[in-house]
Amino acid sequence: MRSISLRSSWLRYALVLAGGVVIGQIVPPLWTWGVILVAEPSYQEATYRCDRSMRAHLLAKQKLEAAPSAESVRDLEASEIALIDCQDYDLMRKRLMLVGLDETALSYMALKAIEAKATDLQDVIEIHEIHY
Numbered sequence: 002m003r004s005i006s007l008r009s010s011w012l013r014y015a016l017v018l019a020g021g022v023v024i025g026q027i028v029p030p031l032w033t034w035g036v037i038l039v040a041e042p043s044y045q046e047a048t049y050r051c052d053r054s055m056r057a058h059l060l061a062k063q064k065l066e067a068a069p070s071a072e073s074v075r076d077l078e079a080s081e082i083a084l085i086d087c088q089d090y091d092l093m094r095k096r097l098m099l100v101g102l103d104e105t106a107l108s109y110m111a112l113k114a115i116e117a118k119a120t121d122l123q124d125v126i127e128i129h130e131i132h133y
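For the sequence shown, the working numbering assigns the number 2 to the initial residue and increments by one for each residue that follows.
The hints are simulated quantities; they were obtained by calculation from the structure and are not laboratory data.
Since this is a predicted model, take the numbers as computed values, not measurements.
Heads up, some of the hints might be wrong.
[Said to hold, decoys possible] Here are the simulated lysine-lysine pairs, BS3-like style, with alpha carbons at most 30 Å apart:
#: 1; residue 1: Lys-62; residue 2: Lys-118
#: 2; residue 1: Lys-95; residue 2: Lys-113
#: 3; residue 1: Lys-95; residue 2: Lys-62
#: 4; residue 1: Lys-118; residue 2: Lys-64
#: 5; residue 1: Lys-62; residue 2: Lys-113
#: 6; residue 1: Lys-95; residue 2: Lys-118
Please build the complete structure, drawing on both the sequences and the hints.
Encoded structure:
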């Protein structure tokens, strides 16, 4: 009789341990998927706005270097103010990392955001091309 109760006790502990392992393996991917599902639209918008601001700033700097003028200085100053979009993007990125997303998930969402605005292959190439 004692051996039966001892076996059922060990069986109970083994089942609890196995259940904990299964839950530990299933919950993190579900959490990540849920966070991505909820945060993706706003993260994509922030990514796109920051990308657009950085491109405008680069173009304004190049314009100022090529043809210095009061207008090109104003354009550069305006593009620097627009870089606040990148601050918003960075804050959102840090918040998402705090709730458990890793670099891979954030990069995936950012890439989807940038490529969602591209309408054909040439647009995708221009997005990923580095211009000097």
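Tested hints:
1. Lys-62 to Lys-118: 24 Å, holds
2. Lys-95 to Lys-113: 19 Å, holds
3. Lys-95 to Lys-62: 28 Å, holds
4. Lys-118 to Lys-64: 25 Å, holds
5. Lys-62 to Lys-113: 28 Å, holds
6. Lys-95 to Lys-118: Judged against 30 Å, a Cα distance of about 24 Å means the pair holds.
Checked against the numbered hints above, the structure breaks none of them.
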